[in-house]
Amino acid sequence: MNSADEHPVLGDQPEGGTLAERTSHRGRWTSWVGVVVMIAGFTAAGLGLTLGPSWALVVGGSVAFLAGGAAALALGILRDVVLDEPRTEREEPHTTPLHREPATDPVRTRPQPPR
1 MNSADEHPVL GDQPEGGTLA ERTSHRGRWT SWVGVVVMIA GFTAAGLGLT LGPSWALVVG
61 GSVAFLAGGA AALALGILRD VVLDEPRTER EEPHTTPLHR EPATDPVRTR PQPPR
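If you count the sequence shown from 1, position 50 lands on 50 in UniProt numbering, and the numbers rise without skipping.
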């Protein structure tokens, strides 16, 4: 750990809580390996399309991309999500015409004559 990782970060804690320790990246290393394999496959397929096209490189990159994605899903990359508590804010009062009584259609609704 370097010195920046040892100090707590303001704002990384719930309101009224204690300071949170700083970590490097979120997620497990297996998830990051899957992401790197997918990026490498995408890059190889893109280079194969632009340089030639070299269909062997395109197919190899596509296979690497799909294999990295399948491995990442199999290893549970979607469980690395950090779920925060839902944020609710109070609604401020607004003075707009939208809060008035609903308008009526003058063609279908005719005023009644006085009696």
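Since the hints were derived computationally from the structure, they do not count as laboratory data. Keep in mind that the hints are not guaranteed to be accurate.
Label pairs and their in silico Cβ distance ranges [what the hints assert, rightly or not]: (1) VAL63 with GLU89: 12 to 22 angstroms; (2) GLY27 with GLU85: 12 to 22 angstroms; (3) GLY52 with ASP80: 31 to 41 angstroms; (4) LEU51 with GLU92: 51 to 61 angstroms; (5) ALA56 with TRP32: 42 to 52 angstroms.
Ideal placement from N, C-alpha and C gives every residue a C-beta, glycine not left out.
Going through the hints against the structure:
1. Here the CB-CB span from VAL63 to GLU89 is close to 47 angstroms, at odds with the stated 12 to 22 angstroms.
2. Between GLY27 and GLU85 the beta carbons are some 20 angstroms apart, a value that agrees with the proposed interval 12 to 22 angstroms.
3. At about 37 angstroms, the beta-carbon gap between GLY52 and ASP80 stays in the expected band of 31 to 41 angstroms.
4. In this structure the supplied range 51 to 61 angstroms holds for LEU51 paired with GLU92, their Cβ-Cβ distance being about 57 angstroms.
5. At roughly 28 angstroms, the beta-carbon separation of ALA56 and TRP32 lies outside the given 42 to 52 angstroms, and the hint is violated.
The structure fails hints 1, 5 (numbered hints given earlier, in ascending order).
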